[in-house]
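**Q** So you can see what is in the structure, the chains are spelled out below.
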Amino acid sequence: MNTDQEQRTRILQYLRGEMPSREANAFEREMMEDPFLADAVEGLQQEESAFQASLNLQSVDSQLKSGGGKRTLFPYFRAAALVVLLVGSGLVLWLRTQSREEKTAAVAQTESLPESTETLAEPAPALESGPIASADPGSVKTVTPQSEIAEKSAPPEMDYPAESPALIQADPVTSNDAGASESFAGAAPSVSPAKTEAMEDLISSPDVGEQLLVWAGEIPEPAQAESLQLMDANSREKKSQSQSKSEGSAAPAARATTEIQPGYTATVRDISRLIRAGKHSEARLAIQRLEKTHPGAAVISVLYAATEVKQGNAAAAKKSLRTLDKTPYAPRAAEFRNKLP
Amino acid sequence: MNFLGKPDSRWQHLSDEALLEQYRTTRDTHIHAELFCRYTTLVYGVCRKYIEDPEDAKDAVLQIFEKLLQTLLTEKPEKFRPWLYTVTKNHCLMALRKTKTIPLDKLTEPGFMENEDKLNPEETEHLMNRLQQAQLQLPPGQQECIRMFYLEEKSYKEITELTGYTLNEVKSHIQNGKRKLKLMLEKEKGGDYEY
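Chains A and B are the protein sequences, given in the same order. Residues in the first sequence are numbered from 1 upward in steps of one, following the working numbering. Residues in the second sequence are numbered from 1 upward in steps of one, following the working numbering.
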């Protein structure tokens, strides 16, 4: 006897076109004899995609499980609450591994948490943004009301459907947190409340990271034979453009993707865009590529430092900046190092 | 279903009808849920066929689920599965009648018409035995599709790729071909017409 799950898997496999021909033929012949199956397959075919079909079916599953009473809003509240919890707990763990130099008066850690949870509640549903550091000041204003946060952070009953779509979505968030905390292993153990607050500042107002990106944009192309070859006519024009705008955030309308274009200046601008978007692993790859073509270039260190600051890793950023010590950029690098906690 | 959403092992091996009997005697709603959930995908699929909005389709599934809590206590279908199909379809058609007219294309597709040509198992076996020879007498389009579908066991998709016919053309060739074959075989038997 086919269980519902088996049936579902088979139908979705067929609709995705992933069934081998002979098996599909047998399935089609079965449908000829079985109008129930035929109608159901026809109905599911009307969904936007097999994935959407599976989501809708899971939604029905969970609604049936909860007595068939409650309607659509609930699963999403539970899912959102789950995500907020995960991200919030990831933040707590991450903060615990930080050590900060005392700058301001001690603030209770619990007080700072609701703020960061609020900042996170906005990007959480979108789940596109990378780790915490990418939240910009603007999002604090579009925060969800406090009462809803309280409800989300302490859900009364959480019975998770076996395969919740939100769980699948939550994975990138948790794996990002894991990645962040791995790079912090070896940092000094305990975190005092004051350090936590300074760390908060670093995360929530990425001035230092932003300034580093601006500086990167201003550094002229290293005078090397290779780089001259790489520069095509395209980027020569863009170079004069980028010199008149200090922040490359208003990218030309034609450039809609995050592809890395050939040409030094365009590349630096693309990397900056990736860093601002929080796509740190892509940014790192791009910086490494740039390093191969422009080894020893000052901008490399600055870009690394910028992405590290944006990720909240002050120690790594300082290390990157220190590589500029023997260069004419040393004084400015030292300035930035002093700004970092 | 238990809290994990998996079929309960106590009832997994019982037939639909046995489970139904259990429900009628015990009135245990868990048993009802267990039975219904064997068909969640199919029921949703059918609802989604007739009801365009996925949210409304989901609602329909829930409504049918709740309606059956009562209905199953009073009605005693011989076979649960086809009965559930009828109930689902009727619910959807009634729901549509309230909002707008029934989309006619749902009722006149090849799939619907095919059921009128359904062969009983005996006829089907007879047909399959004679198919090799019989299909040669079919007009080209039907012959091609019948041969590829029944003898070569190719899927619709593969047939469309190999022949260049559209999916609907393939389906009607097969459907018409089957009807012709049935008539041919009946003529041979001596005119045992079933209309």
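It cannot be assumed that every hint is accurate.
[Said to hold, decoys possible] Result set (BS3-like, lysine-lysine): computed pairs, CA atoms no more than 27 Å apart in a straight line:
#1 A:Lys65 x B:Lys76
#2 A:Lys326 x A:Lys279
#3 A:Lys65 x B:Lys180
[Claimed, not checked] Partial pick of chain A residues on the chain B-facing surface, computed with a CB cut under 10 Å:
#4 Tyr14
#5 Gly17
#6 Val41
#7 Val60
If you're looking for bench data, these hints aren't it; they were derived computationally from the structure. Ideal placement from N, C-alpha and C gives every residue a C-beta, glycine not left out.
**Q** What hint numbers does the structure not satisfy?
**A** 2, 3
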